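2 protein chains.
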Amino acid sequence: MAIVVRKYGGSSVADADKIKNVARRAIEAQEEGKQVVVVVSAMGKTTDGLVKLAQQVSDEPDERELDFLLSTGEIVSCTLLAIALKAMGAKSVSLSGAQAGIKTDAVHSRARILGIDPRRIHKELDRGKIVIVAGFQGITDKMDITTLGRGGSDTTAVALAIALGADTCEIYTDVDGVYTADPRLVPEARKLDEIGYEEMLELASLGSKVMHSRAVELGEVYKMPILVASSFGNSPGTLIHGGVSMEARNKVRGIAHDLNVAKVTVVGVPDKPGVASAIFDSLAKANISVDTIVQNASIKGITDLTFTVARTDLKKAMKVIEPVVKSIKAKECVSDSKLAKVSVVGSGMQTAAGYAAMMFRALYEAGINIELITTSEIKITCIIDEAKTSDAVRALHKAFELDKGV
Amino acid sequence: MAIVVRKYGGSSVADADKIKNVARRAIEAQEEGKQVVVVVSAMGKTTDGLVKLAQQVSDEPDERELDFLLSTGEIVSCTLLAIALKAMGAKSVSLSGAQAGIKTDAVHSRARILGIDPRRIHKELDRGKIVIVAGFQGITDKMDITTLGRGGSDTTAVALAIALGADTCEIYTDVDGVYTADPRLVPEARKLDEIGYEEMLELASLGSKVMHSRAVELGEVYKMPILVASSFGNSPGTLIHGGVSMEARNKVRGIAHDLNVAKVTVVGVPDKPGVASAIFDSLAKANISVDTIVQNASIKGITDLTFTVARTDLKKAMKVIEPVVKSIKAKECVSDSKLAKVSVVGSGMQTAAGYAAMMFRALYEAGINIELITTSEIKITCIIDEAKTSDAVRALHKAFELDKGV
Chain A
24 MAIVVRKYGG SSVADADKIK NVARRAIEAQ EEGKQVVVVV SAMGKTTDGL VKLAQQVSDE
84 PDERELDFLL STGEIVSCTL LAIALKAMGA KSVSLSGAQA GIKTDAVHSR ARILGIDPRR
144 IHKELDRGKI VIVAGFQGIT DKMDITTLGR GGSDTTAVAL AIALGADTCE IYTDVDGVYT
204 ADPRLVPEAR KLDEIGYEEM LELASLGSKV MHSRAVELGE VYKMPILVAS SFGNSPGTLI
264 HGGVSMEARN KVRGIAHDLN VAKVTVVGVP DKPGVASAIF DSLAKANISV DTIVQNASIK
324 GITDLTFTVA RTDLKKAMKV IEPVVKSIKA KECVSDSKLA KVSVVGSGMQ TAAGYAAMMF
384 RALYEAGINI ELITTSEIKI TCIIDEAKTS DAVRALHKAF ELDKGV
Chain W
24 MAIVVRKYGG SSVADADKIK NVARRAIEAQ EEGKQVVVVV SAMGKTTDGL VKLAQQVSDE
84 PDERELDFLL STGEIVSCTL LAIALKAMGA KSVSLSGAQA GIKTDAVHSR ARILGIDPRR
144 IHKELDRGKI VIVAGFQGIT DKMDITTLGR GGSDTTAVAL AIALGADTCE IYTDVDGVYT
204 ADPRLVPEAR KLDEIGYEEM LELASLGSKV MHSRAVELGE VYKMPILVAS SFGNSPGTLI
264 HGGVSMEARN KVRGIAHDLN VAKVTVVGVP DKPGVASAIF DSLAKANISV DTIVQNASIK
324 GITDLTFTVA RTDLKKAMKV IEPVVKSIKA KECVSDSKLA KVSVVGSGMQ TAAGYAAMMF
384 RALYEAGINI ELITTSEIKI TCIIDEAKTS DAVRALHKAF ELDKGV
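Quick note, the sequences are listed as chains A and W, same order. Numbered per the numbering used here, the first sequence spans residues 24 to 429. Numbered per the numbering used here, the second sequence spans residues 24 to 429.
Derived from the structure by calculation, the hints contain no laboratory data. Any given hint could turn out to be false.
Because identical chains share one entry, a pair is satisfied inside a single copy or across any pair of copies.
Stated by the list, open to error - DSBU-like mimics (lysine-lysine), calculated; alpha carbons at most 35 Å apart, straight line:
| id | residue 1 | residue 2 |
| --- | --- | --- |
| 1 | Lys75 | Lys41 |
| 2 | Lys75 | Lys146 |
| 3 | Lys354 | Lys214 |
| 4 | Lys361 | Lys126 |
This one's a predicted model, so the numbers in the text were calculated from it and none came from an experiment.
Given these sequences and hints, build the entire structure.
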């Protein structure tokens with residue numbers, strides 16, 4: 024019998040009515056002849072509330088204990104969903120990550136799944152039950168509870184779908200799929216029926232907050248098709264899979280943007296070996312992710328080095344590199360936090376000419392200055408003034424004719 | 024090294040400050056050279072809140088799921104306590120009932136402990152950790168989470184103390200021990216330094232809500248001394264144990280009272296075999312606990328049968344026995360819900376004469392009418408008008424000289 028794994032985020036199970044809605048949909052899927060596994064996140068803002076409780080007893084709560092504390096949020100939503108299902112006459116059982124057989128390493132707050140023992144889930148499914156699994160959590164070989172970090176429930180769902188041999192993994196959320204751009208910025212933005220894993224990764228990591236990159240990566244490795252759709256409506260959603268036709272369609276799939284961008288420029292850097300590593304080692308040690316890095320051509324042995332970080336990390340980053348700037352004898356270090364990133368994404372672009380030129384022209388014609396440029400195989404990214412973000416996304420969406428369909 | 028098991032109820036861990044207080048006391052005990060295990064209930068009204076959530080999705084939440092849901096309340100308080108301890112520099116680890124090795128039967132919502140595998144706790148204690156255990160819960164051999172029902176955390180604590188070979192089990196609560204009567208009714212009521220298990224059972228089940236009978240029974244069977252004391256003050260509390268000197272002290276230990284009493288009288292019952300069983304079978308099937316039962320001497324083959332139930336069960340009880348009253352051809356069935364129970368408790372009473380007479384005289388002199396009388400080996404109970412409860416408890420406390428000490 025075909026198995027389907029569905030995941031619902033916190034806003035989709037935020038109250039009793041929403042939980043009942045999820046329950047009804049699970050029963051419908053079962054009536055269609057499927058074996059149904061539902062993965063849930065904690066209700067609404069539960070996790071934030073638990074973190075606040077922990078902070079009331081400690082400024083830096085111990086991670087092993089915090090994981091165990093946070094894991095209760097998903098138990099609450101998954102038991103409530105099982106209760107709702109049983110009240111509707113369905114057979115159901117809720118399982119913690121541990122009961123569902125999700126084994127992880129012991130790196131608390133960001134554990135990795137080592138393997139899944141699917142026997143209990145299979146047994147419950149074979150008894151005709153709709154199986155509810157608490158997302159975001161697992162258990163170590165020492166029987167300690169871990170959490171998987173950001174996007175954990177998406178990862179749980181995809182990993183379970185793989186381990187159970189499901190046909191698809193369905194991620195239900197408060198948007199109805201992946202769009203060619205953020206519909207709040209571009210009214211003409213169009214929902215994509217399908218998208219490739221890598222394209223989705225670029226769109227997701229660039230700020231189209233539909234699902235977590237980590238889960239998409241996992242889907243890609245194991246070739247698990249992932250459907251992203253709305254928890255509420257009946258729209259068909261977007262299917263993320265590997266077999267997307269790359270030839271017969273618009274090579275640009277979408278325009279991503281990200282407002283959480285700050286730029287740091289180290290001015291007057293002596294151009295010699297070890298300098299870049301000194302700067303980026305210190306940032307890595309402080310756990311600051313660096314995004315775009317650009318180094319200008321060196322003139323007379325002196326160069327400028329620019330990189331971007333999340334705006335929320337800027338203060339910390341400046342503090343960290345100040346002593347490094349001195350030690351490498353650079354001139355100074357300046358920053359700008361009012362920036363945004365816009366990207367054109369599409370896996371067909373690398374084999375076709377002219378996309379970069381088209382992007383720069385569209386921005387130029389919209390009167391938008393480009394601060395930094397960076398490219399990968401499937402995307403072209405420009406860093407621009409934050410205030411111009413909407414204009415830029417709209418101009419690019421139009422220039423690449425994304426409103427016109429495949 | 025001596026092991027001590029301490030239990031704190033919901034009001035003792037209701038907020039961050041109270042949790043820190045419990046943490047400080049655990050560290051003190053460890054500094055005195057003890058290995059410390061702390062059992063906690065859910066914070067404040069958490070459990071009620073979770074029950075309400077479940078009732079929003081179902082009028083009759085499935086018990087297996089409800090148990091799993093409720094078990095999260097204790098995980099929250101025990102992880103917060105461990106976080107507080109670690110923030111204070113102590114070593115600590117929090118464990119769920121399952122992790123602590125507490126195995127139960129599969130009777131959800133009122134599971135019984137089948138056994139405890141104490142290896143993980145011993146291992147953590149031997150590493151110098153203060154071990155925090157979630158009360159009220161366990162796990163079945165099928166890896167499902169159960170709860171132990173009312174008084175569950177007390178039971179967890181006593182059972183752990185027994186399994187770990189602890190010297191004592193300490194129950195911390197919002198009263199500072201067991202009193203000769205309710206201090207709110209009798210200002211002269213005196214805290215007892217020690218009390219026998221059976222005396223405690225009579226006082227507890229009769230309404231001195233200090234700790235749950237089930238835990239006291241467990242303590243009695245395994246001869247585990249139980250100290251009841253305040254979470255906040257430093258008063259020495261009351262030690263419940265088996266070696267209480269019975270000879271050299273006042274044979275009456277305390278006056279208990281219970282306001283949750285209703286009386287049902289079946290009038291004109293034909294006095295023949297099977298009649299009582301018909302009535303009480305039907306009540307048992309409806310899960311209604313019957314307390315006192317009194318049958319008057321039969322006159323001309325007709326008798327009256329009176330029993331008491333919890334006031335909260337009266338409506339249900341009347342509904343259940345109405346058809347029985349008809350089928351056994353009794354005359355009618357009347358009830359009175361404005362009653363209370365007062366009891367004189369003391370294990371020395373059975374071997375000494377005159378206690379019953381003294382009780383009845385004290386009530387008579389206080390102008391209080393006795394509706395029903397019932398006696399056991401260690402107590403004498405009278406059912407009286409609810410409005411006279413305070414007068415009765417005060418009169419008995421004085422008559423038996425309980426204000427005068429041992």
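Item to complete: Could you place Lys75 and Lys146 in one of the four classes (within, between, both, neither) given a Cα distance threshold of 35 Å?
Response: between (38 Å within a copy, 31 Å between copies)
Worksheet item: Under a CA distance limit of 35 Å, which applies to Lys361 and Lys126: within one copy, between copies, both, or neither?
Response: neither (42 Å within a copy, 58 Å between copies)
Item to complete: Can you give me the call for Lys354 and Lys214, within, between, both or neither, at a CA distance of at most 35 Å?
Response: neither (48 Å within a copy, 77 Å between copies)
Worksheet item: At most 35 Å between C-alpha atoms: does Lys75 with Lys41 qualify within a copy, between copies, both, or neither?
Response: For Lys75 and Lys41, both the intra-copy (25 Å) and inter-copy (16 Å) Cα distances are at most 35 Å.
Comparing the model with each numbered hint stated earlier shows that hints 3 and 4 do not hold.
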